[in-house]
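**Student:** In case you want the letters, here they are:
Protein chains: 4
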Amino acid sequence: MSGNSFGKLFTLTSAGESHGEALLGIVDGCPPGMKLTEEDLQGDLDLRKPGSSRHTTQRRESDAIKIVSGTFEGVTTGTPIGLLIENTDQRPRDYTNIANSFRPGHADFTYQQKYGLRDYRGGGRSSARETAIRVAAGGIAKKYLNEKYGIEIHGYLSQLGPITFDNFDWAEVHNNPFFCPDSSKVPELEKYMDNLRKSGDSIGARINIVASNMITGLGEPIFDRLDADIAHAMMSINAVKGIEIGSGFEVVNQKGSDHRDPITPEGFTSNNSGGILGGISSGQDLLVSIALKPTSSIRLPTDSIDKKGHSTEISTTGRHDPCVGIRATPIAEAMLAITLMDHALRHRAQNADVKSETPSIPASKQ
Amino acid sequence: MSGNSFGKLFTLTSAGESHGEALLGIVDGCPPGMKLTEEDLQGDLDLRKPGSSRHTTQRRESDAIKIVSGTFEGVTTGTPIGLLIENTDQRPRDYTNIANSFRPGHADFTYQQKYGLRDYRGGGRSSARETAIRVAAGGIAKKYLNEKYGIEIHGYLSQLGPITFDNFDWAEVHNNPFFCPDSSKVPELEKYMDNLRKSGDSIGARINIVASNMITGLGEPIFDRLDADIAHAMMSINAVKGIEIGSGFEVVNQKGSDHRDPITPEGFTSNNSGGILGGISSGQDLLVSIALKPTSSIRLPTDSIDKKGHSTEISTTGRHDPCVGIRATPIAEAMLAITLMDHALRHRAQNADVKSETPSIPASKQ
Amino acid sequence: MSGNSFGKLFTLTSAGESHGEALLGIVDGCPPGMKLTEEDLQGDLDLRKPGSSRHTTQRRESDAIKIVSGTFEGVTTGTPIGLLIENTDQRPRDYTNIANSFRPGHADFTYQQKYGLRDYRGGGRSSARETAIRVAAGGIAKKYLNEKYGIEIHGYLSQLGPITFDNFDWAEVHNNPFFCPDSSKVPELEKYMDNLRKSGDSIGARINIVASNMITGLGEPIFDRLDADIAHAMMSINAVKGIEIGSGFEVVNQKGSDHRDPITPEGFTSNNSGGILGGISSGQDLLVSIALKPTSSIRLPTDSIDKKGHSTEISTTGRHDPCVGIRATPIAEAMLAITLMDHALRHRAQNADVKSETPSIPASKQ
Amino acid sequence: MSGNSFGKLFTLTSAGESHGEALLGIVDGCPPGMKLTEEDLQGDLDLRKPGSSRHTTQRRESDAIKIVSGTFEGVTTGTPIGLLIENTDQRPRDYTNIANSFRPGHADFTYQQKYGLRDYRGGGRSSARETAIRVAAGGIAKKYLNEKYGIEIHGYLSQLGPITFDNFDWAEVHNNPFFCPDSSKVPELEKYMDNLRKSGDSIGARINIVASNMITGLGEPIFDRLDADIAHAMMSINAVKGIEIGSGFEVVNQKGSDHRDPITPEGFTSNNSGGILGGISSGQDLLVSIALKPTSSIRLPTDSIDKKGHSTEISTTGRHDPCVGIRATPIAEAMLAITLMDHALRHRAQNADVKSETPSIPASKQ
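Residue numbers (the numbering used here), protein chains in the order written: chain A, 3 to 368; chain B, 3 to 368; chain C, 3 to 368; chain D, 3 to 368.
If we strip away everything but chain A, and leave its shape as in the complex, we get (with noise of 0.2 Å):
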């Protein structure tokens, strides 16, 4: 049973590959009567796109986003929503010669022996490409969200590499090719930056995401808690190999009277819940912390196998990534948004009739 589908009410269903002829999706369950035209999506797919800076993938796809279907004189219909984007810049030619070896740290060799075949040109399904995808379904999910509830969801570069930062401006994150926080780091990652490419190596990275303007009471327990679907969602991004919530790993060793946060009338007085209890989130700013592995696909060569099993050596030429974590930063944004619009309605469909004794409480005490 393939697993192409995201989301039970708000559900995105995806297909395309890196070298097909285009990406497909489906939104559905969008409630209706939202404005949406291409406009909304283009934004967000641009901030991912190949080839914006001399740091990210030399690929040049446009990435144009065309809705098929799910609106009418621009405004969605309740009817699933078709996304289209065509593959425009494909050059099969760069990945010939791994035809036959896996590529180590990639999905060749795991494909190869779960489907018995693979489409070795880019990574096929596994590359980064289908993301577009994504990104253009959380766009639908962001606006909904934010119109109706004004949730916002932000994220941002908070470590690259040894490269950590010390000043933070939510302004300053699209202004330079990183989402880097911190405008004074710049040059230094730069640096940094086409060191790695000079030495044909890669890096890893962790983003941050926040979802702010939060509603209270969105997860389901036991098994679908908040948490745990946005685990899922972030864990599902390529080169994702760790995920926290709140305070993270550090609670190991956390004492409870510090890591529990304390309520008052004025709100809560910290947030090492990353705002969410028991499975559900108490109105306080989500945050997510993820952790990206550096790209496999570098110019160093190393040991692999052939696909008859026989040793071989293998490094990869062509347009590549030094540091998927810089355009994972959308991708993450997008998910969190599709799963949080994918919670709103299911919380809406059981819990529309519940009115709370217990007042509402602001965010936190700041």
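Derived from the structure by calculation, the hints contain no laboratory data. Misleading hints may appear alongside valid ones.
[To be verified] When the alpha-carbon atoms are kept at most 27 Å apart in a straight line, the in silico BS3-like pairs for lysine-lysine are as follows:
1) A:Lys-257 / B:Lys-200
2) D:Lys-51 / A:Lys-68
3) C:Lys-309 / B:Lys-37
4) D:Lys-51 / D:Lys-68
5) D:Lys-200 / D:Lys-51
6) C:Lys-37 / C:Lys-150
7) B:Lys-37 / B:Lys-145
8) B:Lys-257 / A:Lys-200
9) D:Lys-37 / D:Lys-51
10) C:Lys-357 / A:Lys-145
11) D:Lys-150 / D:Lys-357
12) A:Lys-68 / A:Lys-150
13) B:Lys-357 / B:Lys-150
14) D:Lys-68 / A:Lys-51
15) A:Lys-51 / A:Lys-37
16) D:Lys-309 / A:Lys-37
17) A:Lys-145 / A:Lys-68
18) A:Lys-357 / B:Lys-310
19) B:Lys-310 / C:Lys-37
20) B:Lys-37 / C:Lys-310
21) C:Lys-37 / A:Lys-357
22) A:Lys-68 / D:Lys-68
23) B:Lys-357 / D:Lys-37
24) D:Lys-357 / C:Lys-310
25) A:Lys-150 / C:Lys-150
[Unchecked claim] Covered stretches of chain C, going by a simulated chain A footprint (3 or more residues, C-beta under 8 Å):
26) 22-34
27) 344-351
28) 354-360
Yeah, the Cβ is synthetic: ideal placement off N, Cα and C, and Gly gets one too.
Dock chains B, C and D against chain A, hints included.
**Tutor:** Chains B, C and D only, in chain A's frame:
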């Protein structure tokens, strides 16, 4: 839409609260023809059981599992397996003081806001009580995976508060109440825990889970990658705040040339991937690590609000865990087993006829 | 992948066999805040119960329903509702003569071929026993639909063998063991059934189910149209071989000018559609009709084969229904209720904010 | 929660409207390694196509199918198959007169009430246009079922209005535009249809669909019985109002001694069950019959209301079917194929290792 089912082909549906009459579970999709009796499941339930040592919750449940359907003459029939565990040790009087207030760090506040009411006794559905059913269902999965494929699933404590371990011996893990693999550290753990209990506080922990003798090909890209479903499964466990696969957050500062695991005909030469490439199992050991937060049910008082939104102070009495991490080990094993079982069936559904020209390679070259 | 769950938002998962210890059900997704106790469900269970009259199965089960979770102080909490019915009257000795043969018309042969083994006692999972859980779950749905929307669901016998009815009085339906709306025909039914029982044979029946005070907008095109899900629900009941909505098979020879139901501000002027247009409820009464085949468990012998594939003759003794149609009425009501409940939540999930400029119109102009 | 996906393991997700840019389909879960090109699918699409004869809709779509992902070098890869059909013949001007009124018998009124707005051009999503995608997906399923199991799926017209058929020849079914198996009746059908077209009215039809060379064991009791899923699939087709399996509604007046199909080592001696026992396929031919209502888009005027709820009169002009039943045949075949494909994978997922001691028996003794 509530989320009380987990798994698409091997599905566990669960019901039951801390102070309800009984816990129910229905396991759907188990292949027929496997021997199965209560004895196969009771062992893991006893490992999870409260009251096994002075270091865990002092609630004394027998947790006797009953299989009420789905087997005939001790063999699975392919029909849904009904699981029943009666709650025998409920003491409602322990919780009446918090009927009208919310314990910080717990689900009380969020359940109230989501549903408009809550069963305050012992946390109701948010209590860890329901994990008994998960462990029982996990036992069914473990048995099948082991008998059909030889897969073994084992968890252990890898860190408790500040205490880490230097020696590793699988045989020690079940020799102490901590699931600690280093017998030399057990006295230190006991002393640390005794002090914690006296002080009325709690601490977090890190648990590692390993699946060995893995088969290749499990995982359903792009959204139901094996690691995405594992992350979902783990994060659905109460108190989990972070999850890592393989090198986890270490990848942030790892070079691509170091991270990727080279392949030789004798096997992989490292396992930074944690056994998953492109979301599909490679045959290497699955390496999963989770962070568990410290329990918020501690004797030390803290600020909170009551149901009307007014300030109050709160502390908990009664039977609680100073370190929930200790008991999470069999639960995490169970969730990994259920996830792998589900994926084994999903992979078989689509790819039962696949014969790859590439031979299997050993899990690792050691 | 077993199919023991029904419904996407209001989900019933069921387990239990004819001769197992107990029947289990888990109802997930019920909105919180509704009063619910066993008394609300026992009534329909008693209507379904075997042994209520000489015309139905002579097995005497008390079918006492227990709610083991999901409510607190008699009110639903939004957590999964656990249902338990213990099997009390099992007589394995009645079936040993068919342990090694297959009863024609029954599921014996197909279960053996599908699973490789079967619980032959009373049909195991294929027995109508499991429908008790459906009726209990249907009771929860009926209550919510009625309290929130005023929707009422009622079934009745519309034909038994060759006997049809001339008069119709809803009040008569529960006044006889046949669910027959025409009291003048009851003696004829009794005589027909007595003769049938003496002859050792069985007969089929037609049941109609009506949902009145319907709301508009239920149904999720294109695949989960309301009629598609109703058909699924009805056909999942043992012995159902046909289903019609509205005019059903009469439409084959109906002109378009006759079939379509004109709309006026005072309401629709006919109801050939059966209350569903384009897969969505129109507000008119839902009109559903199902055909139930005659039981194959009869005293008259017939040809069959044994487990080795050799010829044998077979007849059944023990407790059986000469007309299963009689008892299907509460089951069909329950399945319709569960389907409508599920769709009410699905519709609300996506369209809770919709305000149509078109006013409601009455169900029909009469 | 919209319902635009069908199938659990072999899943079709669909998007697209009558007057949108394109129709999209994503088929997920197709096993890898099967040859597949557009040529395999175009044939059935041409059979369904409007404009093929004077007896069907005069809209002239080429319905050229494009496979945009999921295959590599003409073979399925196990990744999702993307289907694209561009709408080429849209004439919005035909529908502007009904932008503000509701056509009785159509989905206009219910879509307006459900979503608050509707794409009135050609029925929008409720139009039969979307069935083109179903037929394409059905072609993939038919190919796999035939190549792997030898299963064949064929539909035919069994009644049109008052006209029934005396002779039956499979070879005739594709020799006339009616899918009529009796060549001697074709002139009568043509005359009847011509008169109907002149009068501006429409008529219903009955279609039978047969799956032969069936395998045993398909169907997932209790809720996803094979017949339940077939009923769901068929009832999801526009205009279907009734469905029968095997003897269908004849069972109402059938004795048990007549209905049950005796089993001998040479095969079953009758097929009243229609190939399904206890919800699982028996190996006998699957016999399905559906009733299609007459189109409500006819030139004869009738009463309706406008969007404000005021009385109006309405009739339709433009391109319409006087008998939609004619074109439903390839759609019904497709839906049966998709259902069987889904169940073949579901059965394999759970029971791939089952070896029954009972030998196969032939489908029937004839």
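**Student:** Taken at face value, is the distance from the CA of Lys-150 of chain C to the CA of Lys-150 of chain A at most 27 Å?
**Tutor:** 25 Å, holds
**Student:** Take the C-alpha atoms of Lys-37 of chain D and Lys-51 of chain D, compute the straight-line distance between them, and say whether it is at most 27 Å.
**Tutor:** 24 Å, holds
**Student:** Decide if the proposed pair is consistent with the structure: Lys-357 of chain B and Lys-37 of chain D, CA atoms, cutoff 27 Å inclusive.
**Tutor:** 16 Å, holds
**Student:** According to a criterion of three or more residues whose C-beta lies within less than 8 Å of a C-beta of chain A, is the region 344-351 of chain C covered?
**Tutor:** holds (count 4)
**Student:** Keeping to a limit of 27 Å between CA atoms, is the pair of Lys-150 of chain D and Lys-357 of chain D held or broken?
**Tutor:** 19 Å, holds
**Student:** With the threshold set at 27 Å, check whether the alpha-carbon distance from Lys-37 of chain C to Lys-357 of chain A stays at or below it.
**Tutor:** 16 Å, holds
**Student:** Given the hint that Lys-51 of chain D pairs with Lys-68 of chain A, test it: the Cα-Cα distance must not exceed 27 Å.
**Tutor:** This hinted pair holds, its Cα atoms lying about 26 Å apart.
**Student:** For a C-alpha distance cap of 27 Å, please report whether Lys-357 of chain B and Lys-150 of chain B respect it.
**Tutor:** Distance of about 19 Å is within 27 Å: holds.
**Student:** Compare the distance between the alpha carbons of Lys-51 of chain D and Lys-68 of chain D with 27 Å, and conclude whether the hinted pair is satisfied.
**Tutor:** 16 Å, holds
**Student:** Sort out whether Lys-37 of chain C lies within 27 Å of Lys-310 of chain B, counting only the CA atoms.
**Tutor:** 23 Å, holds
**Student:** When I compare C-beta atoms, does the region 354-360 of chain C have three or more residues closer than 8 Å to chain A?
**Tutor:** That given contact holds, which follows from 3 residues of the region 354-360 of chain C lying within Cβ reach (below 8 Å) of chain A.
**Student:** Please work out if Lys-145 of chain A and Lys-68 of chain A have their alpha carbons no farther apart than 27 Å.
**Tutor:** 17 Å, holds
Of the numbered hints given earlier, the model fails none.
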